[in-house]
Amino acid sequence: MSKQAIKFYNRPAGGWGALKSVLHAIHEQGVVVRGISTLLKSNQPDGFDCPGCAWPDKNHHSTFEFCENGAKAVAAEATERRIDRAFFEQHTVRELNAQDDYWLEAQGRLTEPMRYDATRDRYVPVSWDDAFALTAKHLNELTSPHEALFYTSGRTSNEAAFLYQLFIREFGTNNLPDCSNMCHEPSGTAMKEQVGIGKGTVTLEDFDHAEAIFIFGQNPGTNHPRMLGTLREAAKRGCRIVVFNPLRERGLERFADPQSPLDMLSGDGTKIASSYYQVRIGGDMAVAIGIAKAVVEAGVIDADFIHEHTSGFEDFLAMLDAQMWEHIEEQSGLSEAQMRDIADMYMASNATICTWGMGITQHKHSVATIQAIINLLLLKGNIGKPGAGACPVRGHSNVQGDRTMGIYEKPSVEFLNKLGKAFDFEPPREHGHDVVGGIEAMLKGEAKVFIGMGGNFASATPDSDRTRAGLRQCDLTVHVTTKLNRSHLEHGKDALIMPCLGRTEVDLQAAGAQGVTVEDSMSMVHISAGMNAPASEHLLSEPAIVARMAAATLKNSKTPWLWLIEDYDRIRDKIGEVIDGFADFNHRVHVPGGFYLGNSARDRKWVTATGKALFVPNPVPGDMPITELRRKHTEKQIFNLMTVRSHDQYNTTIYGLDDRYRGVFGQRRVCFINKHDLEKLGFTAGQWVDMTSVWHDGERVALRFKLVEYDIPPGCLASYYPETNNLVPLDSMADRARTPASKSVPVVLSLSSDQQAAA
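1 is the number of the first residue of the sequence shown in full-length UniProt numbering; add one for each residue after it.
It should be emphasised that the hints constitute simulated quantities derived from the structure, not laboratory data. One or more hints might be untrue.
[Stated by the list, open to error] Estimated spans, in silico, between C-beta atoms of each pair:
1. E577 to A510: 18 to 24 Å
2. K7 to D130: 29 to 35 Å
3. P386 to H587: 24 to 30 Å
4. H696 to E141: 36 to 42 Å
5. K605 to K680: 50 to 56 Å
6. H633 to G686: 25 to 31 Å
7. R704 to E635: 34 to 40 Å
8. K421 to D130: 31 to 37 Å
9. H676 to F415: 33 to 39 Å
The structure displayed is predicted, hence computed values, not measured ones. In this text, a Cβ means the ideal position worked out from N, Cα and C, and glycines have one as well.
Build the full structure now, drawing on both the sequences and the hints.
Listed below in structure tokens is the structure:
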């Protein structure tokens with residue numbers, strides 16, 4: 001572990017620093033030989049899909065198709081460290097809960113199913129049969145199926161997700177909260193209304209032909225490092241890359257490709273962003289509207305495309321005309337001159353891609369912001385032509401595939417009809433709980449069983465103190481997982497840990513070794529097969545866990561659950577019956593690289609209410625929560641806090657305590673702040689502060705964070721999650737999409753009582 005330090009990082013992203021970090025991760029997990037051989041099978045046609053992000057694979061015949069964070073994920077899964085029954089005998093749950101997330105992750109792979117013993121405050125071994133019987137007992141004793149919640153993580157395979165949603169709907173509910181509710185729900189909501197489909201309209205090849213790439217609210221250097229290779233290639237051929245981000249992020253400034261001898265020898269790397277604009281937190285919508293206003297005023301639009309393929313243009317023009325530049329500047333943090341310069345770059349490009357991440361989706365106005373970005377693309381016909389389109393960049397490796405497989409609390413009638421016909425039952429029609437609704441139901445005592453297919457619900461969710469209280473009120477909590485995390489320690493009265501195979505491990509069923517499938521951010525579906533021996537002989541695959549849980553619970557089900565998991569081709573045949581685009585699934589997925597699902601908007605077929613793409617005239621908002629609260633509390637200096645990942649983590653999984661590109665080493669409890677705000681407060685870098693949220697229902701406090709002077713706009717702060725997730729109010733969420741507003745949390749700072757530096 002690095003010593004605690006704050007020091008400026010002046011080298012490019014990637015490069016020798018990334019290689020050193022990968023080797024350290026492999027060595028730390030005790031898998032030097034096996035780890036390297038495993039990495040060489042990552043994202044290969046005959047290997048496994050990386051358990052990290054959902055960025056597509058450029059070259060399926062390249063030996064190196066992994067990145068630094070993907071390598072950390074693989075090393076953590078392939079680790080030699082084990083958590084067995086002796087470990088749980090040594091530690092009470094209370095003792096484990098006192099440890100930090102990094103320590104919990106570092107203990108290794110779980111090896112057998114465990115049940116919580118309240119009399120001893122310990123997890124104790126339980127047989128698989130007894131674990132499934134206990135789950136079935138709790139589920140079948142509920143007054144209503146709607147008293148159970150079934151959560152899904154984004155790394156769950158298509159096969160497991162399809163069986164899972166089938167089990168849940170045969171049980172009788174659509175309570176399917178999932179990680180999409182917390183990340184790209186606004187993308188799907190906005191795009192489906194505007195262009196008829198909630199998925200990105202580009203393929204990876206489009207990045208080879210784009211003349212401009214606009215990146216909104218995204219940090220690929222940490223969150224999707226393989227994207228940097230794509231951006232590097234685009235930059236080297238002269239593509240303009242325009243970045244909008246409150247923080248200066250090293251990966252968006254300069255990148256050294258570890259596979260490039262020239263980059264590695266020179267040490268300089270390649271400049272990524274040709275222009276970098278530090279918008280205020282939440283100011284991206286105003287930026288997009290400002291650019292569109294300048295484009296329309298210049299008259300450089302695709303009139304033919306607009307006439308033939310869009311509706312609502314006149315209303316959109318009227319909205320733009322009514323927007324005052326002073327208000328646009330105030331909300332965005334950019335000047336009119338800057339936005340006109342950006343408009344010039346946009347107008348000069350014949351093919352533009354807009355990408356975005358959770359810096360866009362986790363705000364109150366996230367749906368409207370995405371629609372403003374789509375409006376901008378429509379102005380020049382930048383959807384449905386080579387090198388152009390919309391690209392929401394998803395997080396976990398199969399978060400998009402899980403939604404495709406039916407993991408959704410608001411399923412369509414058409415989907416339910418096909419599912420019911422294929423399996424001869426009547427699916428429930430009532431919409432279920434999303435993540436926020438599920439937490440509220442637990443707190444009210446209306447949800448009594450929680451089952452999590454992967455993930456770390458207790459830490460990933462907003463208002464995490466209340467979430468954990470809700471989990472503790474449940475009669476039963478069940479977690480399907482590979483590693484120990486916080487959710488297993490904030491448990492119900494009964495609790496089960498069900499350890500599963502990892503993506504890198506051989507999945508042996510009755511018909512032989514099996515592969516599972518995933519869908520990446522650009523709708524490519526491909527197969528993934530592990531190569532390593534399982535971490536324990538007692539592990540089951542996710543499809544097997546779901547099938548056995550269903551068989552134990554649904555005694556009158558007509559579905560041959562155990563027969564389906566003997567050969568996953570059988571599951572895929574049923575997927576082909578139910579899910580559009582998956583006909584002849586088994587044949588198509590075995591082609592190297594898989595197959596493309598297609599995209600109606602890419603083909604300029606608009607599955608919308610008007611049959612055309614829709615301009616949505618959302619004006620620049622004047623009711624930002626931070627704005628209203630500052631007006632109400634003039635006596636306080638209220639900051640806008642955005643929660644972010646460090647470079648040594650993926651989602652809530654903490655691999656280490658370094659955030660190399662931001663210059664933070666050996667620690668996580670830091671708060672990034674502008675130097676002028678430090679002076680205004682009378683504070684100095686290195687002091688410890690407490691953060692207190694300002695909200696209508698009371699205060700939430702996160703204690704003891706070290707102030708770090710950073711290049712961030714005045715009035716804005718950034719700090720890592722999950723440490724600050726307790727500050728995010730449960731009812732602070734995206735309009736219409738209900739995604740937690742984790743990137744715009746109103747807080748005040750106060751000096752901690754103890755200013756002594758941590759050891």
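Here is how each hint holds up against the structure:
1. E577 to A510: 18 to 24 Å: 22 Å, holds
2. K7 to D130: 29 to 35 Å: Taking Cβ atoms as reference, K7 and D130 lie about 53 Å apart, which means the hint is violated.
3. P386 to H587: 24 to 30 Å: Holds, since P386 and H587 (Cβ atoms, about 28 Å apart) stay within the stated range.
4. H696 to E141: 36 to 42 Å: 38 Å, holds
5. K605 to K680: 50 to 56 Å: Holds: the Cβ-Cβ distance is about 54 Å, inside 50 to 56 Å.
6. H633 to G686: 25 to 31 Å: 27 Å, holds
7. R704 to E635: 34 to 40 Å: This hint is violated: roughly 24 Å between Cβ atoms.
8. K421 to D130: 31 to 37 Å: With Cβ atoms ~35 Å apart, the hint holds.
9. H676 to F415: 33 to 39 Å: 52 Å Cβ-Cβ, so the 33 to 39 Å window is violated.
The structure does not agree with the numbered hints 2, 7 and 9 stated previously, though it agrees with the rest.
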